[in-house]
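If you read the sequences in order, they're chains W and P. In terms of numbering that gives the first Met the number 0, the first sequence opens at residue 0 and continues consecutively. In terms of numbering that gives the first Met the number 0, the second sequence opens at residue 0 and continues consecutively.
Careful: at least some of the hints might be erroneous.
Restraint-style ranges between C-beta atoms, simulated for each label pair [as the list claims (entries may be wrong)]:
id, chain 1, residue 1, chain 2, residue 2, range
1, P, G59, W, E227, 41 to 49 angstroms
2, W, L245, P, G59, 47 to 55 angstroms
3, W, D165, P, D26, 32 to 40 angstroms
4, W, G239, P, T307, 33 to 41 angstroms
5, P, E315, W, N138, 32 to 40 angstroms
6, P, P259, W, T275, 21 to 29 angstroms
7, W, E216, P, A352, 47 to 55 angstroms
8, W, K43, P, A352, 26 to 34 angstroms
9, P, D204, W, I87, 35 to 43 angstroms
10, P, A352, W, P71, 30 to 38 angstroms
It should be emphasised that the hints constitute simulated quantities derived from the structure, not laboratory data. Ideal Cβ positions, reconstructed from N, Cα and C, are used throughout, including at glycine.
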Amino acid sequence: MSTYTTEEPTQVTEAAVSTRLSSLDTLESEAIHIIREVVAEFEKPALLFSGGKDSVVMLHLATKAFWPGKVPFPVLHVDTGHNFPEVIDFRDRTVERLGLKLVVGSVQEFIDRGELAERADGTRNPLQTVPLLDAIQSNKFDAVFGGGRRDEDKARAKERILSLRDEFGQWDPRNQRPELWNLYNGRHTVGQHVRAFPISNWTELDIWRYIERENIELPSLYYAHEREVFARDGMWRAVGEVSQPLPHEEVITKTVRYRTVGDMSCTGAVESDAYTVADVVVEVAASTLTERGATRADDRISEAAMEDRKKDGYF
Amino acid sequence: MSTETALLESGLRESTLFRFATAGSVDDGKSTLVGRLLHDSKAILADQLDAVARTSADRGFGGDKGGIDLALLTDGLRAEREQGITIDVAYRYFATDRRSFILADCPGHVQYTKNTVTGASTADAVVVLIDARKGVLEQTRRHLSVLQLLRVAHVIVAVNKIDLVDFSESVFREIEADVQQVARDLGIGADGISDVLVVPVSALDGDNVVDRSDRTPWYTGPALLEVLETLPAADELESHLESFRFPVQLVIRPQGALAPDAVAGGLDVEAYRDYRAYAGQITEGSVKVGDQVTVLSPGHEPRNTTVTGIDFAGRELQEAAAPQSVAIRLAEEIDIARGDTIAAAGTVADSTADLYASLCWLSPKPLREGAKVLVKHGTRTVQALVRNVSGKLDLGTFNVEETSTLELNDIGHAQLRLAAPLPVENYLRHRRTGAFLVIDPLDGNTLAAGLVKDHPGDHEDERYVI
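With the hints as extra help, turn the sequences into a complete structure.
Structure below.
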């Protein structure tokens, strides 16, 4: 009986060790496999693209999956109207560079039409769900790629790589399809669509190591820069049109960077000297806070904030 | 930068991936073990720990001594926290300087077969928990049966709560002997695919989880994390097989639609005008430029040709191995589409429309003989008719019972007739091309995990209990 014994650790041959893919290469290969499966099996996929680092990595993976061909699907941005200007500029340049079609779902337009109401706390992140579902339905997208990662949040940790959504975009965590081997089941009925998360298994550090390795451009606010900020809810908030300090909140200039890029009204900056991608990799490796805990006011609303938004059809 | 960060940094650049799953019974401390691994490997960050510490204090965990309930680290959903149970497989991530780990945390009590099959299907190893006070239970036997059926490469049995039996060697040795007996009954280890290792641990106190404990001096083996860091991963074993397999996902044929960024970067537009390559992920073995391959397509005789190029995003590779995603160019202009398989010449049998398989039934909707289903194998989905259900496995006794139906969490044998032949292979030797999904054609839900067996008379499977 070839039972493995504790006294003799299994020996792997030198060749096996040297040819084994690195963890980044393995994650990259898995993501490309998933992206190709979705493109092959769905009629009309789209990629959620906010200009945030995860969606930038997703788009980069898509360019590699179909090289030397063009990325064969449009990108979809849900615009809260509270964006960092440099991110919108980056989005437009990227779309131009890759020759992609950009579809924009606008939170502002829904508010202007009276179909959405501004929240008392001013954050617009939770308002993205309605324009997102509207864009999916009106464009007849049957699969939507997202850059969601399971290490981001406890609810995301239970998300499938292909996640079936009903007519209302709802996620039902108690009724998910088992996901076996690398066989992805994307079958859906009329009205349903699928959210696909090819980088589910990546951590924040993997994302940054990959950005470094592949020399991927990001919006400049991911790196240390000077900015006028004020303290609120234990994080640094940028002074901007939609993010004004209250009389008791003192405005100071600090060297900061963003770990996540979302709606300007609820995304905070962190103090940082990480001016380059290599600096950021070291900073993330040593960080003692999760990216959402450090920088997202909307995830502090309750312990189950992400779970509640996902059930309602959020990303 | 601290020395620790620098080490982590340099290690991560070279680290490899290892996927494992956990399986256990109710109250054997699985959540605590997972919490301990994450906590002691420093995967838990300060804000997560603060939240858990607050909840632990609110619930009075640890009495006057205080402390944190590590199990809370893994409760994900609101319903789970409210009911104190785990509903679904949750994925966790942590890294040491040697490896990055993906942990599929599979709940033990609700639909354990479904969850264990799901978690184990992608796992390089599975950690099965046993309570040292209770020893091998019927559920342990069931878990080991499922793992043997799925041919998980490594099974690690963690004998937990060893502190509650006063770190007794005799208790541990007795459980270890029982585990090895069950393993022998099941044939684990006999086929050289899988092996079993037994480790005494205390998840609560951390003995033998990350570091070796001096409270178990009679145990000279490695701590659990050391085991996970050194076992060979499944793809390390599979990439060395001689049987190259490559299910075609799609054909890359840009014609006029070349990527503008590639063109701007100097891509020779003329040279790529007629580019045609087959994209996919290598499921086992490796391939080199110049290799002879066989293309399997439904409705065609197997066709032989030569690999003329292996491309990956603008890089020309001389060779590639599982689990790489690449695009392969071939010498002959032959008609190849999604669902076809490219394989090392001379290593594949003909496709077949008669499928004999073990099915792990994962749906509340039972299987009946005569049902029409869909079979998804590799990159192809075909209609299938369930001709008969020939038996159901009693996971406690390993006996096969007569049945004509399979229900949720049953594992049974069935014969299916496919509407088109598929290049299926025995799961014992080919974990990827031997696996398939059974899908409900009505609502598209996944009904079962299928494991291909040889046709009766080939006798390959008869050496195995399951």
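Hint check results:
1. In this structure, G59 (chain P) and E227 (chain W) meet the distance hint of 41 to 49 angstroms, their C-beta atoms being roughly 46 angstroms apart.
2. Hint check: L245 (chain W) to G59 (chain P), Cβ distance near 39 angstroms, so the stated range 47 to 55 angstroms is violated.
3. Between D165 (chain W) and D26 (chain P) the C-beta distance comes to about 35 angstroms, which sits within the given range of 32 to 40 angstroms.
4. For G239 (chain W) and T307 (chain P), the Cβ-Cβ distance of about 55 angstroms falls outside the hinted range of 33 to 41 angstroms, so the restraint is violated.
5. At roughly 37 angstroms, the beta-carbon separation of E315 (chain P) and N138 (chain W) lies within the given 32 to 40 angstroms, and the hint holds.
6. For the pair P259 (chain P) and T275 (chain W), the supplied restraint of 21 to 29 angstroms holds, since their beta-carbon distance comes to about 28 angstroms.
7. In this structure, E216 (chain W) and A352 (chain P) meet the distance hint of 47 to 55 angstroms, their C-beta atoms being roughly 51 angstroms apart.
8. Distance hint check: the CB atoms of K43 (chain W) and A352 (chain P) are about 33 angstroms apart, consistent with the given range 26 to 34 angstroms.
9. For the hinted restraint 35 to 43 angstroms between D204 (chain P) and I87 (chain W), the CB-CB distance of approximately 53 angstroms leaves it violated.
10. Hint check: A352 (chain P) to P71 (chain W), Cβ distance near 33 angstroms, so the stated range 30 to 38 angstroms holds.
In terms of the numbered hints stated before, the structure departs from hints 2, 4, 9, listed from lowest to highest.
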